[in-house]
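Going line by line, the protein sequences match chains A and B.
Residue 638 in the numbering used here is what sits at position 96 of the first sequence, and the numbering runs on without skipping anything.
Residue 145 in the numbering used here is what sits at position 4 of the second sequence, and the numbering runs on without skipping anything.
Hints are computed from structural coordinates only; laboratory data are not their basis.
A few of these clues could be false.
[What the hints assert, rightly or not] Cross-link-like lysine-lysine pairs, in silico, DSS-like; alpha carbons within 25 angstroms at most:
1. B:Lys200 x B:Lys145
2. B:Lys181 x B:Lys151
3. B:Lys181 x B:Lys200
4. B:Lys181 x B:Lys145
5. B:Lys181 x B:Lys160
6. B:Lys151 x A:Lys652
7. B:Lys181 x B:Lys205
8. A:Lys616 x A:Lys544
9. B:Lys160 x A:Lys652
10. B:Lys205 x A:Lys616
11. B:Lys145 x B:Lys205
12. A:Lys652 x B:Lys181
Note that the structure is a prediction, hence the values are computed from the model and not measured.
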Amino acid sequence: MKAAVIVFPGSNCDRDCKVAIERSTGAHVDMVWHGETTLPDGVDLVVLPGGFSYGDYLRCGAMASLSPIMADVKAAAGRGVATVGICNGFQILCEAGLLPGALLRNERLKYVCKPVALEVTNSQTRFTAGYQGRRQAMMTVGNGEGNFFADEATLDRLEGEGQVVFRYVSNPNGSARDIAGIINGAGNVLGLMPHPDRAFESDLGSADGAILFQSVFASA
Amino acid sequence: MRAKVHVFLKPGVLDVQGKAVEQALHGLGWNGVEHVRVGKTIEFDLASADRAAAEAEVKAMCEKLLANTVIESYRVELA
Numbered sequence: 543m544k545a546a547v548i549v550f551p552g553s554n555c556d557r558d559c560k561v562a563i564e565r566s567t568g569a570h571v572d573m574v575w576h577g578e579t580t581l582p583d584g585v586d587l588v589v590l591p592g593g594f595s596y597g598d599y600l601r602c603g604a605m606a607s608l609s610p611i612m613a614d615v616k617a618a619a620g621r622g623v624a625t626v627g628i629c630n631g632f633q634i635l636c637e638a639g640l641l642p643g644a645l646l647r648n649e650r651l652k653y654v655c656k657p658v659a660l661e662v663t664n665s666q667t668r669f670t671a672g673y674q675g676r677r678q679a680m681m682t683v684g685n686g687e688g689n690f691f692a693d694e695a696t697l698d699r700l701e702g703e704g705q706v707v708f709r710y711v712s713n714p715n716g717s718a719r720d721i722a723g724i725i726n727g728a729g730n731v732l733g734l735m736p737h738p739d740r741a742f743e744s745d746l747g748s749a750d751g752a753i754l755f756q757s758v759f760a761s762a
Numbered sequence: 142m143r144a145k146v147h148v149f150l151k152p153g154v155l156d157v158q159g160k161a162v163e164q165a166l167h168g169l170g171w172n173g174v175e176h177v178r179v180g181k182t183i184e185f186d187l188a189s190a191d192r193a194a195a196e197a198e199v200k201a202m203c204e205k206l207l208a209n210t211v212i213e214s215y216r217v218e219l220a
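The shape of chain A in the complex, shown without the other chains (with noise of 0.2 angstroms):
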């Protein structure tokens, strides 16, 4: 079991998601800089993490998506392996077009941190399963841009396939019909405002973030 967390310049959440997932699936974690082109052999799970790639600067992700790892991370999406990003994450697979829509300034311009109660609407991805029985998971946000936007006939495929998977039950940012998270079409990327990372022990306030790091290596 292995996975590799992709560190850009002003990726602050790497080290965290590369905790959470040791402490939480005893996986082996690399930590894959922007600036190589492949990524390491045999790896179950690519993460990219939150932070502020590139100071966020043009547009939140735009810049990091086009970083010469990004080459290898699609070609890995497109051989079906778990790609999952997280906040900046979610913004970087957007702005990379693997997954569809784009993450706006939040409806009320706040910078939104703090705990989020999620109901979990799809539990038959690789990323969910273990949430099977519990409807709702709590996870924390911290965005300034995490309105999730798409034009409504991508909304509609998108609840209509079941690619919607975490929606959140007391919307924080004005995201369209209240999505935290996506996954693709082929179900194996997934992008999510939530932090897992920042939930995998309950000393942390909740432990539910570790069971999405379980789910993809228990599909593995």
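Use these hints to put chain B onto chain A, whose structure you have.
Chain B alone, transformed into the frame defined by chain A:
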């Protein structure tokens, strides 16, 4: 050749920054102000001397990096 690229959120995409600026202008008494949009301008010099080629080049830059066409539209000026 100097290029200017103007990038704005598309009509219909909520521009919260524009809304905040609009409210501030109303607060200053300019009540006739409506539909404020805040965008950005990106300027740069281009080596190319051929106008058509430059236009195609800048358009490619917009599509690939300078604008996210899911939410933004852009306009190019060359001088």
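Output the indices of the hints that this structure fails to meet, ascending.
When the structure is compared with the hints, none of them turns out to be violated.
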